[in-house]
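Participant: In case you want the letters, here they are:
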Amino acid sequence: MSLKVKLAGQEAKRTESASKSRRQLKKRITERYDLYIMLLFPMIWYVIFMYGPMYGLQIAFKDYLPTNGFWGSRWVGLEHFKRFFFSYYFWRLIKNTVVIQLYSLLFNFPIPIFLALLVNEIRNEKFKKALQNITYIPHFISVVVIVGMLNLFLDPKSGIVNHALSYLGMKSIPFMQKPEWFRPLYIGSNIWANMGWQSIIYIAALSGVDPQLYEAATVDGASRLQKVIHISIPAIIPTIVILLILDIGGFMSIGFEKILLMQNDLTMSTSDVISTFNYRKGILGGDYSYTTAIGLFNSVINFILLITVNQIGKKKAEISLW
Amino acid sequence: MKKSASVLALIAAVCLVFSGCSNGGSKQGSKQSDPAAAAPSGNFKKEGFPIVDKPITLTMFACRSAANGPYKDMYFFKEYEKLSNIKFKFNDVPDEVFNEKKNLIFGKKKLPDVFYKASISNEQLIKYGQSGALVPLEGLIKKYAPNIQSLLDKYPDVKKSITAPDGHIYAMSSIIEPLVQRTVKLWLNQEMLKEVGADEPETTEDLYNLLKAFKEKYPDRTPFLTSDVGGAISAFSGAWGLYQQMRYSINVDGDKVHIWTTDNEYKELLMFLHKMYKEGLIGHKMIDQEYAEYISQMQSGKVGLFTNQATDAFPQSAEKYEGLTPLKGPHGDQGFVSSPIARDTGAFAISSSNKYPEASIRWLDYLFDGAEGSMFFAYGKEGETFEFDKDGMPQFKEKFVKSQPKGEGSAFPGPGGSTPQYSTVRTAGTVNTPRDARASEKIEPYVLDEVYSDPFFADNVSKKVYDLRADIDTYVNESRARFITGDLSFDDWDKYVKTVKDIGLKKLEEYYQEAYDKQFK
Amino acid sequence: MTTKQKFSGDQLFNIAIYIIAIFIIAIILYPLIFVVSASFSDPTKILNGEVWLLPKGFTLDAYRQVFQDSRLWNSYKNTIVYTIIGTTINIILTTLLAYPLSRKDLPGRNFFMFVIAFTMFFSGGIVPTYLVVQDLGMLDTIWALVIPGAISTYNAIVMRTFFQDSIPWELQEAALLDGCGNAKLLYKIILPLSKPILAVMVLFYAVGHWNSYFGALIYLDSDHLYPLQIILREILIQNQAAMHDVVMDFEMARQIMMAESMKYSVIVIASLPVIVMYPFVQKYFVKGVMIGSIKG
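Just so you know, the protein sequences line up as chains F, X and Z, in that order.
Per the numbering used here, the first sequence runs over residues 1 to 322.
Per the numbering used here, the second sequence runs over residues 323 to 843.
Per the numbering used here, the third sequence runs over residues 844 to 1139.
Just so you know, these hints were derived from the structure itself, not from any lab.
Source: prediction; values computed, not measured.
C-beta: ideal position from N, C-alpha, C; glycine also.
Wrong hints could be hidden among the right ones.
Which residues of chain X face chain F? A few of them, derived with a C-beta cut under 8 angstroms, are [to be verified]:
1) 421
2) 725
3) 784
Distance ranges between label pairs, derived from CB positions [said to hold, decoys possible]:
4) Z:875 with X:641: 36 to 42 angstroms
5) F:107 with X:816: 37 to 43 angstroms
6) X:575 with Z:900: 40 to 46 angstroms
7) F:221 with Z:1119: 39 to 45 angstroms
8) Z:855 with F:216: 41 to 47 angstroms
9) Z:1012 with F:94: 26 to 32 angstroms
10) F:44 with X:823: 56 to 62 angstroms
11) Z:1027 with F:99: 41 to 47 angstroms
12) Z:1035 with F:22: 34 to 40 angstroms
13) X:812 with Z:855: 32 to 38 angstroms
14) Z:1115 with X:411: 34 to 40 angstroms
15) Z:876 with X:403: 49 to 55 angstroms
16) Z:916 with F:230: 49 to 55 angstroms
17) X:372 with Z:903: 43 to 49 angstroms
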């Protein structure tokens, strides 16, 4: 057979299978019409409340004046971004933001998982409940009070921590005024406040594990530690991976109010992040366009990170968002 | 990623559809007209009360500070309405979201008639003034507001502070006359002074020795405390001839604007503070203390020297303290920092939607009469809400205060600051006790005659100024704290100076000079 | 491994668990006790560091100040209403979103996922959103508080993950082959098996409503509609981050001191209901709750 005919034959097969799969696709869609109806309501909401207002993003490239409206404001292109990139502190802000978030991922992310596994292993019902209920409460303490408590407990003269230090013969340390202590304190207090709350989702996931798996493992002679490693953890890997992906997708968005409360002139070298610096700039001259531009910058980075991690998750673990 | 491309196209299409439907804000009439040129309505009375024959209702957009209750419940507005025949429909917004709401308000076709306690920035005043959203006030003031006009004539620095480069006044500020309300004073513990057998210090060297004596006699007490690092700087900068102008670290000498944060005098000031800090004469908590902590320290009566505007924050310990005369520095300077008389700018503005601009300005003018009107704004009606005590000071009647959910702030818009008001020695009330007045008198010979408020920067310049300020201020503030604590050694001073200059100090100074030339010269 | 070795390994494991658990309870409990004690203490003593475990200078002022505000009880009621209505809407919409997307056999699934994930990053901002709410006539009504925030994409994704990974596909496939429609499948089979995740979502959304204040600040004008957090913040002079810019016109000093102990009492008052809520939700996390249903 000549090449032309062969190719034509292949082409015909392709179009034939293409139309066949298009027919199949149509069938699959119409078969599941009720699923699409379910999606309809939430999707309408997304269109109205999420995508509708998105035109507001354009003012990141404009000089927004409310009296001119969004469409009438003057176009300035990348001016706001340039103002941000050429700021004297640009690299320090990026560095501080990134370092804090990396440490957060490293320490803050795993701890709720350990807590959930711990809770899961406790046999005594009352103790288990106590542990859950107590660890979940700090989430509700306002950031203002948490920082207030940090100030009180770490006070060089009257704070409980320094009292303990001097009891052990050590000099008192003004923790809140030392740049090298900022990150540990910030992340440590985050862990303290949120580990219980963040463990809830893992605890819920663990409760869905078939008890028979554990029974079978006991019969096989597995120790409790082995059961945790080989049954509990694998059962929640999908949850862990998805939450990790989502967390990384929020990488550049750092908790601004808490840092603002914790930072002072002496700790700026480690505590000044993008959001706090621009907050101070905003006080000098409230600039809605500029803030939008910075937000957009953060969002773009977050988004790129998300897509990257999502692809990795897809390839390596077959767990991904899409 | 073909799929994502089509998704993005879909998104773009949807946005386009919706922006068409949504009121994305529309252009206001960009005509600028002077409302004083138009003839007032027949309803209006040029003098006396009521201000209008037939009652009118105006809309007011105002900021509600944490100290205030809802405006519609305020005794002040209710009473004033009876007098003036002007009723207000309020849109008062908590200060947490005030800036967002302000953006939204300016985007509407119909603006509120009056902006009150609005803290409209200079930049916004120029923009909205030139777009016609806010009307010029100087004509109205000249014609219908004799009290305000005479004050503007009396205080040229106020007039200059509120007049934009195009010659128009787009918003009225507060006029805080009494020096006592414009200075953060140093309060010296007289008890401790007597115990160490010293005289009142006259020079910075004297003060250093006195604080040392305090420390020796009272090792557990803090010799000197201030609210934060900035407070420490402002408390003593006058002793090196360094003042605040245009709300920044600026000296103005013969029309020349100079930012002094790299000068030798500033270095000496920092070294002075560092010496005291190192020897434990300054409370180390100054760096990061919460305001509540500072107040409790002031009230304890155990601090040797501290700074505060008035004694009202520490009634429990006030009798132990007297104000200090400004100290003489090593080069013979003896100055003291004070705030501009036009303390709260952008406090009151009239919009282009307002059909009664003359009535509105008259409404404000009564409160600036320095007598009954100003007293009414601050304290209400004698016999009803307040009484004069034996020192001639106005005091709120306890029964009245208790009847209000938030105290004075529920009845008057003043508490929380930023209101357009004329404050005189008489209306200053609780912040002008005899002790405060004495302290203020000691300071008076040493403050500047004219202190200017923030300048107006041209539109394209103001953004550059903010960018420079954000960078420079961060660096300067961080460095000064570190110099004082010793984290940064003075051996590195030259490096510090070079860095500040590299970031753009000269350019910043030029911008301020330009603005000064146009506005204050 | 001999039985003896295995048991002592397990014993060690058990001891370690309880030690760690006790340690965690201790470091969490101490500051919590501190908060409660501080709410009953004299603010000056709190600031001086005199309060360590028990209240010093016992006073009920911090609570009295809060309860004195006549708007407090109304706002409590409002918050309960908003929470119940809001959470109901949240759960319905989120489930309707999450379930279809959990079906691997749904054409276009990835497209929808991308569309909703995109919104987690890019948002038009406060002003355009406000304008939409305004155009829909929802300003100053309860709807502005429960509709614009009706779906949290984060929660939807978490819920989808649960549906996808915890409910066996074979089960669903079998039901579908039996002729069960998708809606019936969701209602009769999926939801009963999803008690843990529904419980978690109710908790997340309800707490979100309970703690929310920004939406109310921006969309509501009328006092009588204000939720709890707004009233509490007003009582407390929130925005303490910007405290040092405040002009010290009389009054402020007294209020700042009062705020010092009130910030603790406010936490107790505001959080008590939610803290009490958790044990009710917890019983849905009982192990094997799903498997039992499958067997049955």
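Participant: In ascending order, which of the hints set out earlier in this document are inconsistent with the structure?
Facilitator: Violated hints (numbers, rising): 2, 6, 8, 9, 11 and 13; every other hint is consistent with the structure.
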